[in-house]
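Asks: Residue-level listing of the chains:
Number of protein chains: 4
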Amino acid sequence: MQSEPSTPDHGLPGVERVPTDRLADLLDLGEHYRVVRAATEALCQGLSAEDQCIQSMPDASPTKWHLAHTTWFFENFLLAPRLGFRPFHPSFGYLFNSYYESVGPRYERPRRGLLSRPGIEVIHAYRRHVDQAMGELLEEPLAPESVALVALGINHEQQHQELILTDIAHAFWCNPLRPAYRAGESSIGAQEAEELRWFAWPEGIHAVGTDGSGFSFDNERPRHLAWVPEVELASRLVTCGEYLAFIDEGGYRRPELWLSDGWRTVKERGWAAPLYWELQESGWWQFTPGGMRPVAEAEPVAHVSLYEADAYARWAGARLPSEEEWERAAAGAPVSGNLAEQGRFHPAPAPPARDRPAQLFGDLWEWTRSSYGAYPGYRPAPGALGEYNGKFMCNQMVLRGGSCATPASHLRASYRNFFPPDARWQLSGIRLAKEPTWT
Amino acid sequence: MQSEPSTPDHGLPGVERVPTDRLADLLDLGEHYRVVRAATEALCQGLSAEDQCIQSMPDASPTKWHLAHTTWFFENFLLAPRLGFRPFHPSFGYLFNSYYESVGPRYERPRRGLLSRPGIEVIHAYRRHVDQAMGELLEEPLAPESVALVALGINHEQQHQELILTDIAHAFWCNPLRPAYRAGESSIGAQEAEELRWFAWPEGIHAVGTDGSGFSFDNERPRHLAWVPEVELASRLVTCGEYLAFIDEGGYRRPELWLSDGWRTVKERGWAAPLYWELQESGWWQFTPGGMRPVAEAEPVAHVSLYEADAYARWAGARLPSEEEWERAAAGAPVSGNLAEQGRFHPAPAPPARDRPAQLFGDLWEWTRSSYGAYPGYRPAPGALGEYNGKFMCNQMVLRGGSCATPASHLRASYRNFFPPDARWQLSGIRLAKEPTWT
Amino acid sequence: MQSEPSTPDHGLPGVERVPTDRLADLLDLGEHYRVVRAATEALCQGLSAEDQCIQSMPDASPTKWHLAHTTWFFENFLLAPRLGFRPFHPSFGYLFNSYYESVGPRYERPRRGLLSRPGIEVIHAYRRHVDQAMGELLEEPLAPESVALVALGINHEQQHQELILTDIAHAFWCNPLRPAYRAGESSIGAQEAEELRWFAWPEGIHAVGTDGSGFSFDNERPRHLAWVPEVELASRLVTCGEYLAFIDEGGYRRPELWLSDGWRTVKERGWAAPLYWELQESGWWQFTPGGMRPVAEAEPVAHVSLYEADAYARWAGARLPSEEEWERAAAGAPVSGNLAEQGRFHPAPAPPARDRPAQLFGDLWEWTRSSYGAYPGYRPAPGALGEYNGKFMCNQMVLRGGSCATPASHLRASYRNFFPPDARWQLSGIRLAKEPTWT
Amino acid sequence: MQSEPSTPDHGLPGVERVPTDRLADLLDLGEHYRVVRAATEALCQGLSAEDQCIQSMPDASPTKWHLAHTTWFFENFLLAPRLGFRPFHPSFGYLFNSYYESVGPRYERPRRGLLSRPGIEVIHAYRRHVDQAMGELLEEPLAPESVALVALGINHEQQHQELILTDIAHAFWCNPLRPAYRAGESSIGAQEAEELRWFAWPEGIHAVGTDGSGFSFDNERPRHLAWVPEVELASRLVTCGEYLAFIDEGGYRRPELWLSDGWRTVKERGWAAPLYWELQESGWWQFTPGGMRPVAEAEPVAHVSLYEADAYARWAGARLPSEEEWERAAAGAPVSGNLAEQGRFHPAPAPPARDRPAQLFGDLWEWTRSSYGAYPGYRPAPGALGEYNGKFMCNQMVLRGGSCATPASHLRASYRNFFPPDARWQLSGIRLAKEPTWT
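As they're listed, the protein sequences go chains A, B, C and D.
Our numbering puts the last residue of the first sequence at 439; the count rises by one with no breaks.
Our numbering puts the last residue of the second sequence at 439; the count rises by one with no breaks.
Our numbering puts the last residue of the third sequence at 439; the count rises by one with no breaks.
Our numbering puts the last residue of the fourth sequence at 439; the count rises by one with no breaks.
Derived by calculation from the structure, the hints in this document are not laboratory data.
You may find that some hints are simply not true.
Claimed, not checked - Not the full set, but computed from the structure, chain D residues with beta-carbon under 7 Å of chain C:
| id | residue |
| --- | --- |
| 1 | Glu41 |
| 2 | Gln45 |
| 3 | Gly46 |
| 4 | Ser98 |
| 5 | Leu225 |
| 6 | Trp227 |
| 7 | Pro229 |
| 8 | Glu256 |
| 9 | Leu259 |
| 10 | Ser260 |
| 11 | Pro376 |
| 12 | Lys391 |
Stated by the list, open to error - Per label pair, the in silico range of CB-to-CB distance:
| id | chain 1 | residue 1 | chain 2 | residue 2 | range |
| --- | --- | --- | --- | --- | --- |
| 13 | B | Ala200 | A | Arg109 | 39 to 47 Å |
| 14 | B | Gly30 | A | Met57 | 53 to 61 Å |
| 15 | D | Pro141 | A | Glu121 | 32 to 40 Å |
| 16 | D | Arg197 | A | Phe85 | 41 to 49 Å |
| 17 | A | Tyr99 | B | Gln191 | 38 to 46 Å |
| 18 | A | His129 | D | Glu140 | 52 to 60 Å |
| 19 | B | His129 | C | His32 | 27 to 35 Å |
| 20 | C | Gly270 | B | Pro351 | 53 to 61 Å |
| 21 | D | Ala183 | A | Glu108 | 22 to 30 Å |
| 22 | B | His129 | C | Leu196 | 49 to 57 Å |
| 23 | B | Ala272 | D | Arg197 | 49 to 57 Å |
Glycine included, C-beta positions come from ideal geometry on N, C-alpha and C.
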């Protein structure tokens, strides 16, 4: 990095202006690129060529497609604009564009599982080819826009790392053989759950959104003020044991606990427990990265939809937190916990909460009551990258905090994840909130 | 009204605590009941028995069903709990319950158009029967809970008055004969549209929700503080002429203007103009209460979805207002304009805006960027009436301000209407907002 | 009738060549027209305007639509080609064309229930208008082609008479009030069912199709030879009592009894009994023209699909007859029995069978194992009337014999009715056949 | 084979009674088994593990699934009843049962493409395991029932050989890369099509169904008499050039040419040409086993539905033959032509027709006008194998003659193939018939 950034806010979705005193960080961009790309491929070890080809539902994608799409992202946004560029394959732009209308037409999402060709070995050659060219690019002096794009591409790839894990889990769940992703990885902890306590915050004005100290997505910007009411947040995530009580008391059969759309969904899809739970003769079992095993009561309940999280909270006399309430609680907390680096890929019982709630980062994404929308003053980037986040700001709900499949370097207090309220295949869980005045 | 309310906040969804100094208003409750009930029936004049029987889509209901359901509301919530009550017909609770799960099973919504029996004359007998009993009830001293319920029932009936109009419009639109609801009611004004100006507000804390001075729904409560950013609001609604420019410049063919769900909807349903518009040889025509006639450029564009409102705003370099921004602008404004009392039932060109934006009340409901959710501290009422509003707080967007089919006595600045983002058959329109810093 | 037919076989779907010695019959054409038209309207007595407007499923049509469509048939095919013709209403050709692609576009079938306008009184005016013009036409000397068309129109109207009854039955069934079409019309006979016996036929060549002695549809032509195997036919229709045994022995839960498509249909639609049957605390009840009443065991089982008829036959160690086997058995039998003229509109217990099987005509249409197809040498008429029968010769099964809602003058041994194998709302029942060699 | 068959007609679907003088043939059963099993695997050469895993539509299955299902057939029906049998894997009965309800529950057909496990190498081990056990079984003296079952299993496997080819073709077609199954296999013949001539047959009684001289399926039995009318059959299949004329003259836009269900299908699916045809700038191209190349006018048109075949015939002033007409024409003809043994897997221009029509066997299955049903006296086998053919005798049409993907040893004049009328991914084509009296 030799040239100083001249346009402090260039409007790219992936990066905040880079202050001069953080230029040192950028020297590590090439290393960060290599580490993240390698981490993606490490996730695929143990998966066969067939495993990496299948797609179990329109919302999920084949492993192979994730490997190619993240590569296309670098090829299309970093390499393609360069002089003398030749794409690895003329059809890959069509095959591996996810949703960028501005870039051109694309292969239909629900049919990604039909792409037996290109084979996995061609996909790996594609990765090598782009890694080579990116390696050359990263040795050159880069304009700030390019730095921002590389950082965006790295964070984009980290998002797909988590999707590789959640998508293959769903695919394996659809197979009656219930194959294990990694044998022995998710044994049951023996301990009991920590007692649930409440942490209180007074009402007041709070600054929400990125503090500008590092990478952020455009949907975390601009930082702005919000009036946040007084609230109490639970000291840990809701556990499987607590959720079992909800089930046992007829939670899935009582319409008064549910949002109207939630109740319709419960009936239409026959929901009676979280995704990946199965009632066997010996009780409830659960599908984990290590295969089927009994539900562990001290672990956080995972793979619930917003509808289930909301109904559980109502049953428990509480509610879900807003994203501002959550962010205020997480501000200043270290990004540590049961994250992807642990390699467990399954939520763990909460540690004791001390000066703040436990499990704010890691374990499970926490559903909030906040609909995903634009912050005041939000403007998406011009061009295709403006489609990265902005066009999804309707019919989705915000989740916060990251999961056991999220890399630590990918997270921060202002991070906003989002999914439709009926989504269950993500690593999503429940943190309760309540009004201080409630009994 | 002789007894003083003992429980100031009894939690019913329909009514704020009734202060002692407003008891006089309640003396008029009986009269208000009679006026509103008669207004409902007046809307049906000119409709045949067959007209009042049909249902053009699952979201709409037959006129006859509205007439019966509003009556059932009074029967079920006011009369049924009383000693010696006998329902008018044992099946009407099943047939005319709309969505109250707690009350019991109900007839499927999409099949309401199959109810040729009970005939319209039976429905009128049902109304007479309940009106008679309600008349007796309203002459007695009433507990505050009952007063609140009557007020809720009256406001509920007013909501269905508007639905009667929007539902029959859709039914007539589905008939190739395109019958007029009322001949000659919606002639085209000759004037040109007022020039669009912008009104600015600074950022600051604002109190949002009912001020407690009269009836309100539970979703307007509790009044709470919110930080509202600085914003500019347009002086009037977007006109048909302006919307035509959007169409002419390819608005419905440019994905970059649309939310992702919006663009998918445009393609799946083949949208190319607002609902009720039809391209004829001589240009765009529009279906109105008076039948088909050319689009009038000075009139506000109506029958657009949130998706279209959002896309138009993006095309125009603006955005939609949040509901808090809208409410701040409307606070203190008189509830007057082109409302149901005018009997026009079609939006009119805006009058000049003086000290505040024009058309805040009446003409068209204004889509906001706000997802419909609970205010901080919101708690729905216990029992069936808790289903009135709360269970819909997901996947819907807030509209504000009332329309040309809304009675004046039904509205206030804190009023929150809500519909899914793809709904077009309501009298919905567009008011633009923008960030002051935008060029 | 003064001119002699010059083209003995003019290919119209509705009429065989008219031999000179049968011209006398044609003198009664006008009278026949008036009787049939009046019979249609008599069926609507007791139905309200709303009853006549509703459509309970895409396969059914509103009463009002039947009244108009049969009228349009005469207007379009007889009156429209005449000099100086002016249609009653310019849109009625669009609204009331059923399926004639050659005539022009038409209103979508599933939305016929939305046509509150034209009102029932306008439909009656339309009928009067066309009857007037037809009356004039029928007093003139007619070319044989016109005679054929009038005869076709009359038979077409008779088909819709039966549909009026089956469609309003289905509409009333969808109403939880279960209104009676005609009170008291279908009381339960007290008698027991006649014992089931078998009538045998030897194999041999048989002439199939119209014998040319009167009106026939084009699908009954040309008369041709077929080799018909030896077979035994049951002496009467399967009774409700026999069908109850099939239900009680798990008939709807045993896949080995069903055609593959039938079993899938059973599971998808949750079939567990014939249409219009309902299990109440006191046993099985049935919806009849007189309303709900207990199933009568001696009556023929009605409202079964081909799939159910086939499964029942398999369970009973028998099979369904082919249409040729049926026609051979019915050849020469008088067209008499429980037909529309009885006004019962519900099947009755079989009378004793003497020299041939009972109930061949009337009571219920009998499903055959024969797929509906063209006879050898079949050619549809040129033009729109060629669409009357020919284009449906795929994916439908032949039914024979007429029902209690079919006029006697509409039937003959060669008559071919046809419906898809999953249709249940017609008056369809089961006659068993078996191979003589089966034990 | 040492024991003589004691029950000449044991009712199995797959085999006619075995006459004593054909016992010699059975000595070759083991060899036949090995040859057919090896031929199946040879078809998979050149397909990757991923290719063999994918499923492009519910009607198709992955290659891997075909490999396993045919193996399961032998394991379940031949090996499982034997003393000491242990299944290769306890779940394979569930995974690889196709449609035998009597055998037990099974994995849902539309999700076969999700089975990344068992991997292809496990499937091959499964085949080896069963081949080993079958080898032992085939060296023992076998009861006639077992001989019949082995023959059935072999013919069953041959049916799946053809499906492997048609299913992988469809899967590759769904891939925008349009991979070739085998490069260079289907070059275009240069020759012009032979002139179309007509062969005539007089009316008369004809014996239909198997003559008992070798293997037959139960649906070809019993042999029976039928009266077959006089008819003329075309000397060859309809060519691509002829079909292009149909397209060019608006064949896909003229409703009068189509069956009603066919026309609805054309509109709903947007059909404008046969499956695998694509309009490029240089004209119509076609997807073949060798990849995309221009349509060859002299080749028979393939991949048309019954609807298209019927519409083409109507346009051409002809009709489709009945299955009896076809069988009479093919009786006595040698089973030779462009069959699977040629390894071309694509239809070829017709050779000159001499004493009978050309292309009766091979090239393409020929749609008939005959609905698939039971022959007089037909009885399916008891037990699970009774499901092989009988339960599909509804809503399907008969095809005759075999295709370029059918092994010669699998065919005979009485062979009945069947598919729904909208199926296009099979190797189906058109042979015209006409009435001699037509001009």
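Asks: Using the nearest Cβ pair, does Ser98 of chain D come within less than 7 Å of chain C?
Replies: 11 Å, violated
Asks: Please check whether Gly30 of chain B and Met57 of chain A have a Cβ separation lying inside 53 to 61 Å.
Replies: Holds, at about 57 Å.
Asks: Measuring from beta carbon to beta carbon, are His129 of chain B and Leu196 of chain C in 49 to 57 Å?
Replies: 54 Å, holds
Asks: Have a go at the Leu225 of chain D hint: is there a Cβ in chain C nearer than 7 Å to its own Cβ?
Replies: Interface hint status for Leu225 of chain D: holds (5 Å vs cutoff 7 Å).
Asks: Let me know if the C-beta of Ser260 of chain D comes in closer than 7 Å to any C-beta of chain C, holds or violated.
Replies: It holds, given that the least Cβ distance between Ser260 of chain D and chain C is near 4 Å, below 7 Å.
Asks: Evaluate the given range 22 to 30 Å for the C-beta pair formed by Ala183 of chain D and Glu108 of chain A.
Replies: 27 Å, holds
Asks: Once the shortest beta carbon distance from Trp227 of chain D to chain C is found, is it less than 7 Å?
Replies: 4 Å, holds
Asks: May I ask you to test the hint 39 to 47 Å on the CB atoms belonging to Ala200 of chain B and Arg109 of chain A?
Replies: 43 Å, holds
Asks: Holds or violated: 53 to 61 Å for the Cβ distance of Gly270 of chain C and Pro351 of chain B?
Replies: The hint (53 to 61 Å, Cβ to Cβ) holds, given that Gly270 of chain C and Pro351 of chain B are roughly 58 Å apart.
Asks: Does 41 to 49 Å hold as the CB distance between Arg197 of chain D and Phe85 of chain A, or does it fail?
Replies: About 60 Å separates the Cβ atoms of Arg197 of chain D and Phe85 of chain A, which means 41 to 49 Å is violated.
Asks: Does Lys391 of chain D hold up as a contact with chain C if the rule is Cβ-Cβ below 7 Å?
Replies: 4 Å, holds
Asks: Taking 27 to 35 Å as the stated bounds, is the beta-carbon spacing between His129 of chain B and His32 of chain C within them?
Replies: 50 Å, violated
The earlier numbered hints that this structure contradicts are 1, 2, 3, 4, 15, 16 and 19.
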